[in-house]
Amino acid sequence: MIRTILAVDDSATIRQMVAFTLKGAGYEVLEASDGQDGLEKAKGRQVSLVLTDQNMPRMDGLTMIRSLRGMPEYRSVPILVLTTESGQDMKARGKAAGATGWLVKPFDPRRLVDVVKKIIG
Amino acid sequence: MESVTVTAAEAKSHMQLDRIASTFVKHSFECSQQLSAAEGELVRLQTLLDDAMGQMAEAFGRLVPGGAGTDECASDVVVTTLQYQDICSQLVAHLRERLARTGALVNGLHIPFEAAMAATRGDPTTIALASSRVNTMEAMLVDARRATASGPVQQAQVGCGDVELF
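Just so you know, the protein sequences line up as chains A and B, in that order. Going by the working numbering, the first sequence opens with residue 22, and the numbers climb by one from there. Going by the working numbering, the second sequence opens with residue 7, and the numbers climb by one from there.
It is possible that some hints are incorrect.
[Claimed, not checked] From the structure, some residues in chain A lie toward chain B, with a derived Cβ separation under 8 Å:
#: 1; residue: T25
#: 2; residue: M38
#: 3; residue: K116
#: 4; residue: T121
#: 5; residue: R131
[Claimed, not checked] Chain A stretches covered by chain B per the calculated footprint, using a threshold of three residues with CB under 8 Å from any CB of chain B:
#: 6; segment: 27-35
#: 7; segment: 97-111
Just so you know, the hints here were simulated from the structure itself, not pulled from any lab data. Quick reminder that beta carbons are idealized off the backbone N, C-alpha and C, glycines included.
Using the sequences provided together with the hints, build the complete structure.
What follows is the structure, given as structure tokens:
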């Protein structure tokens, strides 16, 4: 069964790079352009992992994570934050919001695949 | 020696003038600091762009048939360096915010002068109004410092970021 990953980022370049990397590793990638779009795309879909940016228009990543954690079907779905933010304070806020992990941009394609495989197989 | 008697109203005016002068100095200093930080961010932006484009050009040479030999890692380099478009965009957005706030501070630099003139005229209503405007300026200064204290981008050179699982 092909696992679906929801990639949320307002940068089309980042979404393209994430999709290129993860599709190459055999995953299906669903794209969303901000937190609001991410929530709408997540509803009613079986997503194995969410990969989200933090700074986005309309709705940021941590707000989206809190909303997802409030949905029964996303209570235990791994959510990784992929962002330029590397401060300990932001990481702590991410953890408190319900994030599973924190990746600082730019991501190394091989390392991203390794992390995703480690989490969802 | 001639003694000088200072009335309570004069003393209050002097205090107002001291505060206004102090506000002007703080604002001037903040504008200078913000512009210096903006210059540093522009240098960082240029370094990031130059490094990213250099690495991408080098990787492109390895991907093109007939180039300096193909390399399967070259596509990884391209994927990594293309992400700098997003990183640089965020740095530019932060820089624009810094410059907008600095512009607002510069535009408000006339307020202490107006307040000083009001204080020398000694009219209590005008002084109270000027004092209120100086308070607004001080609030703007605090907001500008808070909003620009740390940007969303800390990267100073091209390289992959850390991974931390909670």
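Hints and how they fare:
Because the beta carbon of A:T25 sits about 21 Å from the nearest beta carbon in chain B, more than 8 Å, this interface hint is broken. With its C-beta approaching chain B no nearer than about 5 Å, A:M38 sits inside the 8 Å limit, and its interface hint holds. The criterion of a C-beta within 8 Å of any C-beta in chain B is met by A:K116, whose closest approach is roughly 5 Å, and the hint holds. Hint on A:T121 holds. Least Cβ distance to chain B is approximately 6 Å, under the 8 Å limit.
A least Cβ separation of about 6 Å between A:R131 and chain B falls short of the 8 Å threshold, and the interface hint therefore holds. Here the segment 27-35 of chain A counts 4 residues with a CB under 8 Å from a CB of chain B, which clears the bar of 3, and the coverage holds. Restraint check on the segment 97-111 of chain A versus chain B: 5 residues with Cβ-Cβ distances below 8 Å, three needed, restraint holds.
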